[in-house]
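Visitor: One letter stands for each residue in the lines below.
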Amino acid sequence: MKNSKFLVFGILFGIILSKSEVVSWYRIYEMFKFQSFHMYGIIGSAVGLGIILIQLFKKEIIKDFWGNKITVKKKDSNFVRNLIGGTIFGLGWALAGCCPGPIFVLLGHGYLAIVIVLFGALLGAFVQGILRNKLP
Amino acid sequence: MIDFLSQPWPWYAGGPLIALVLFTLFYFGKSFGVSSNLDHLCSIAGADKFSTYFKIDLKTKTWSLLFVAGIIIGGSIAHFYLSNQNAINLNPNTVEELANLGFANSGVEYLPSEIFSIDKLLTLKGFSILLGAGFLIGFGTRYAGGCTSGHAITGLSSLQFPSLIATIGFFIGGLVMTWFLIPILFNA
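If you read the protein sequences in the order shown, they are chains A and B. The letter at position 128 of the first sequence is residue 127 when you use numbering that gives the first Met the number 0, and the numbering goes up by one with no holes. The letter at position 12 of the second sequence is residue 11 when you use numbering that gives the first Met the number 0, and the numbering goes up by one with no holes.
It is worth saying that the hints were derived from the structure and are not from the lab. Any given hint could be a false lead.
Claimed, not checked - Ranges between beta-carbon positions, derived for each pair:
1) A:Lys68 <-> B:Thr122: 50 to 56 Å
2) B:Phe179 <-> A:Leu130: 25 to 31 Å
3) B:Ala12 <-> A:Gly109: 21 to 27 Å
Unchecked claim - Covered stretches of chain A, going by a simulated chain B footprint (3 or more residues, C-beta under 8 Å):
4) 8-21
5) 41-48
6) 54-66
7) 80-88
8) 97-105
9) 111-118
10) 125-134
Unchecked claim - In silico contact screen, one side only, chain B against chain A (beta carbon under 7 Å); selected entries:
11) Thr59
12) Ala77
13) Thr93
14) Gly101
15) Asn104
16) Ser162
17) Ile171
18) Thr177
Glycine included, C-beta positions come from ideal geometry on N, C-alpha and C.
Please model the entire structure based on the sequences and the hints provided.
Guide: Right, here's the structure in full:
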């Protein structure tokens, strides 16, 4: 199946997030307390390399597997949604100590309490989908 | 080799490897982002009956759901095969501050038992914190249009203004929670 490689990429991503301790509640707490460089180093170096990669995509120095130009989808631009949604997510990120990727990683680690966090996240996504047209 | 991989990885391994994952997804015609899968999972659970927002052609999202399934498997592999029980090398100030909030043994495990133990899960306060934190994550990421992977990494890497605004929001929320709300919620 041509999609099976994405399972492998997911496995690698799950291992990377685990071993670099991104999935640790303490690392997120420490980041928001500005008491460690660790998370800033990870996000900063990922973004730094990401900027270079995406420039190489734009200049077509790197093309995709089939030889086509790689384009990055434009994010929906809505100042209120980006800022308020981001802030709401930030509150949850700092409290649970995990963003969506690590929720799934920690599920794999076998933490039962994460099932409740995931259920809450699905409930939140559901309510957002229902209310979206009524919100700014 | 396994011993080497089982040590905690430094930031200069983790960050570049995350960029490699971003690269492979784009190389194979996809994009990098996890939180949209929350919408896909809602759709699978039947949310499309409540709102057209969840009418998603799931066949086009198979790759993304497989990516998430892989993330779970990757977590299990790290837990069972690549773990040497190293404590997380936290800043001693962090450990002390957390001790003052009633968090013992900070960094010994990935997650504090003060939030994630079964005992806490079975209390009304503990359950509400877990469910509420999840709700904020799900609602916020989907309203903002992405999470750490989609906005903070992919969006900032492609120099997109909406992602900068969202990432600023992530930090506003995170700082408010860490500096003002966590001390209230966990008043020892």
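Visitor: Next step is simple, just say for each hint if it's right about the structure.
Guide: Structure-based check of all given hints:
| no. | hint | in the structure |
| --- | --- | --- |
| 1 | A:Lys68 <-> B:Thr122: 50 to 56 Å | holds (54 Å) |
| 2 | B:Phe179 <-> A:Leu130: 25 to 31 Å | holds (26 Å) |
| 3 | B:Ala12 <-> A:Gly109: 21 to 27 Å | holds (24 Å) |
| 4 | 8-21 | holds (count 14) |
| 5 | 41-48 | holds (count 8) |
| 6 | 54-66 | holds (count 5) |
| 7 | 80-88 | holds (count 9) |
| 8 | 97-105 | holds (count 8) |
| 9 | 111-118 | holds (count 7) |
| 10 | 125-134 | holds (count 8) |
| 11 | Thr59 | violated (11 Å) |
| 12 | Ala77 | holds (3 Å) |
| 13 | Thr93 | holds (5 Å) |
| 14 | Gly101 | violated (14 Å) |
| 15 | Asn104 | violated (10 Å) |
| 16 | Ser162 | holds (6 Å) |
| 17 | Ile171 | holds (5 Å) |
| 18 | Thr177 | holds (4 Å) |
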